[in-house]
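Let chain A serve as the given structure and place chain B on it in line with the hints.
2 protein chains.
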Amino acid sequence: MRAAVFRRGEIVVDTLPDPVPAEGQVLVRTRACGICGSDLHAARFTDSFVDVARRSGGRYTMTADRDVVFGHEFVAEVVANGPGTAGRFPPGTLVTSMPLTLTGTTVHGIGYNPDIAGGFAEYMPLAERMLLPVPDGMDPDHAALVEPMAVGEHAVEEARLGGEEVALVIGCGPVGLAVIAALRLRGIRPVIAADFSPARRALAARMGADAVVDPAAASPYAALLEAATPPGHDPSRYAQLFRTSPPRRPTVLFECVGVPGVLQAMLEGAPPGARIVVVGVCMEPDRIEPFFAIAKQIELRFVLAYTPEEFARTLEHIAAGRIAVAPLITGRVGLDGVRQAFADLARPEAQAKILVEPWR
Amino acid sequence: MRAAVFRRGEIVVDTLPDPVPAEGQVLVRTRACGICGSDLHAARFTDSFVDVARRSGGRYTMTADRDVVFGHEFVAEVVANGPGTAGRFPPGTLVTSMPLTLTGTTVHGIGYNPDIAGGFAEYMPLAERMLLPVPDGMDPDHAALVEPMAVGEHAVEEARLGGEEVALVIGCGPVGLAVIAALRLRGIRPVIAADFSPARRALAARMGADAVVDPAAASPYAALLEAATPPGHDPSRYAQLFRTSPPRRPTVLFECVGVPGVLQAMLEGAPPGARIVVVGVCMEPDRIEPFFAIAKQIELRFVLAYTPEEFARTLEHIAAGRIAVAPLITGRVGLDGVRQAFADLARPEAQAKILVEPWR
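If you're matching them up, the sequences are chains A and B in order.
Heads up: the first sequence at position 320 corresponds to 320 in my numbering, and the numbers run straight through without jumps.
Heads up: the second sequence at position 232 corresponds to 232 in my numbering, and the numbers run straight through without jumps.
This is chain A alone, in the form it adopts within the complex:
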């Protein structure tokens, strides 16, 4: 099969052996697969990505010296049911899945695994037990957005909100947009979103942000404080209290950037008593001044990925139109275009989510 292979720092198109489904696996033909910010990071900072992934445990088994095929946000079509499957999904069925597959009870990651090609290849060996059929009437390509949108669902679930919160989302790439969607699904208002990119701020508004802030022009934290001030109260009084007392409404902030320095800026800007959910995946060392978090008694909740229930629920939300993902798809490329797409995604103004279509 053809695949966009990450090989010693470069993405090249090459031919690999077709995967052979093992016990309980289904061979699928990849229809579309999104490019994730973590793919960009793994390609650009391979050594640190591999080092941190290895030292922190988990299922990223990628190394710097072996070929790897990225791609963990996919929709695919069943080609053949392998040995020991129940045949629940006839050939032609459109499916998605969490980016994991199984051999027996052993779980294998898909996307950063040199032993199993991800969604930037023509075929994948998925676990029948983990497949979710794409509901009738849903645009199949939208199922490739389930994975990134589930990240937002999980982050907001783990925030354990009471319902009265004022929310600030820092960073409006796909992760931030997913968080905005999940907040609005729970009725959290207002949701304030901040990004330096006008295009991303426009997307944030389309996903349901009540207000968008350009951090180059105004402080997102001042906007949060203003929103957390009850009607009829003087925000300047709260600006003063800010130093020692929480504002009246609880505040929750989402870190959706994942680069060094953002967390410290949020610790400095957040109101006392704030909850900060860290969704952006920073794989480099970072510098913080803990006393800011201590003086404000801040709660930092680090989250990753999603549960199977959150993933399935997100598919239902998208299928029912409760999360409108169409505006997020800003580009489509074949395998030959993956290398350029990685370069294009480094400029956030131009792109949000690019889908790789291996059969294009």
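Because the hints were derived from the structure by calculation, they are not lab data.
Fair warning: this is a prediction, and the values are worked out from it, not measured in the lab.
Glycine residues also receive a C-beta, built at the ideal position from the N, C-alpha and C atoms.
All clues given are correct.
Here chain A is said to cover these stretches of chain B; the calculated rule only asks that three of the stretch's residues, wherever they fall, bring their Cβ under 8 Å from a Cβ of chain A: (1) 43-57; (2) 287-296; (3) 301-315.
Same frame as chain A, now just chain B:
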């Protein structure tokens, strides 16, 4: 009055004007006042202490160029009720208080405030509203331990435990010992405590730690994992699962050191799903690798000080003997001995809590 004054980097004994109680204030005579680790830090790293305190807000109004009298863990005797007081506490009454005083409704910190001398001086102007009388039969000096012990009460309260947790306390100075006491009061078992100092490990055991670990000889995190493994299960299996799955019993870890590097070590060592409560007050920049927290979905809760209720409850616990603080008092000095006591406290093997007795 006489006071141990921190002046341009040195502690000197000098004579200051006696405080004059303002409206609602009571003049008290300091009986004893503990030396806190934050006092040592403020003396040794004055510029960074002042800078971080200022930038992060709060009530530390100390500057590098003005004299300041430290001391915020005190027991005192009422000398005179000032104007506008209700006279609730006749002269001679032994009292303690949170280290704050009031003029009208304005709150002033005591301990890092160049305008109000703290407990390393002979007299203080406290707010009548905030005074708590020392219960009959209580060793008065034990009331000087209410403040540091309340820090542990608050930290454990903010940990919002369910009761099934296995706890690990990193650092067995006064803060760690206070956390151990508060955990045991809630019936949390086992409590594992780690410190490089044999004397501090012995104190941890006296405060109720079920197990103590010397990090130079064994991993406190391995001990935590072992304790979180249910009976009849194989800890080596959990050691393997460690990379991706939480152990069976929830784990809570308390950072009670407050120096750079400890937080990262805890992020690396903690099991997946762990809650880490940061009680140690680190006032320097720190380096973390956020991906460890992300991969394990760790919750970090930064806490500071205590509520008035927690402070009052801690006084009751000590008075009733539910927290035995006598072993923590390892030294007593007069004002002339404060300078040497600061030096001695830098060697944790020798000392835990030194009480300053201004009238000694």
